[in-house]
Amino acid sequence: NAGVTQTPKFQVLKTGQSMTLQCAQDMNHEYMSWYRQDPGMGLRLIHYSVGAGITDQGEVPNGYNVSRSTTEDFPLRLLSAAPSQTSVYFCASSYSGGTLTGELFFGEGSRLTVL
Amino acid sequence: GENVEQHPSTLSVQEGDSAVIKCTYSDSASNYFPWYKQELGKRPQLIIDIRSNVGEKKDQRIAVTLNKTAKHFSLHITETQPEDSAVYFCAASGGYSTLTFGKGTMLLVSP
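Protein chains in written order, with my numbering: chain A, 1 to 115; chain B, 1 to 111.
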C-alpha cells in the first residue's frame, strides 16, 4: 500500500492564480481531510469528507474548495491564491466507523508559496 | 466548536530525563485524544491515543493520562533519548475522525 499520496510536494504561485492539490489513498478509508500547518498554529482543518459525495467545512475553509467523487481521491482547490495561503498542506485519511474516530494517516505534505 | 490548548510550546530536557506535555480541551463531548509526533520536514504520525472510557494508557516509554472531569490530558515520556526530539501535537475529537489539534510542543532532548 502506498498509503496517502499528495502532489505536488512543492508549488509556487502568483497572487490570483488557481491550482489543485491532489490527494489519493489506497486504504479504502471513508474519511479524508485537508489540514494546513503554519508556524506556531498547529494543524488547522480546512475541509473534510466522511464518504464519497459528502464534504463539509472545517475551521479555515475560506478560499478553498473540495469535492469527493470517489472514495480514493480528495482534491483541494485554491480558487484565487493569496499570500495568506502560503503554508504546508497535509491530506489525511482514516477509517471512520461512524462516530468512532480512528488513526489519521497523513500524506507527506505539500509546501505552497504564494507571491 | 472544540478548542485545544497545549503547554508548553517548547521543552528542553537532558537525555534520560522525563518530559510531560499537557493539553486541555473545551468540548465535554470529545471522546478520543491522540498524540502525534512530527519530526522536522516529516508528516505527523500517531504515537499513542486514549479514549474517554480509559484513564491511562502506556506503550513502553510513553504514557497518556486523561482527566475527563477537568478536561485535560497529558503525554509522559520517560528516559528521553535524542531521537525523541520532535514536535508533539495533542488533539481531541468528538467523532467521525474530525480532530482539533493543539498548537504543538517542540521537545529538544540534549545528549
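These aren't lab readings, by the way, just hints derived from the structure by calculation.
Glycine is no exception: its CB is placed at the ideal position from the N, C-alpha and C atoms.
You may find that some hints are simply not true.
What the hints assert, rightly or not - Label pairs and their computed distance ranges (CB to CB): (1) B/D17 with A/G53: 46 to 52 Å; (2) B/D27 with A/N65: 26 to 32 Å; (3) A/S69 with B/S110: 47 to 53 Å; (4) B/T10 with A/E103: 42 to 48 Å.
Results of checking the hints against the structure:
A C-beta distance of roughly 50 Å is found between B/D17 and A/G53, which places it inside the suggested range of 46 to 52 Å. Checked against the hint of 26 to 32 Å, the pair B/D27 and A/N65 passes, with Cβ atoms roughly 27 Å apart. Taking the beta carbon of each, A/S69 and B/S110 are about 50 Å apart, inside 47 to 53 Å as hinted. Separation of B/T10 from A/E103 is about 26 Å and departs from the stated range, judged on CB atoms against 42 to 48 Å.
Comparing the model with each earlier hint shows a violation of hint 4 alone; every other hint is respected.
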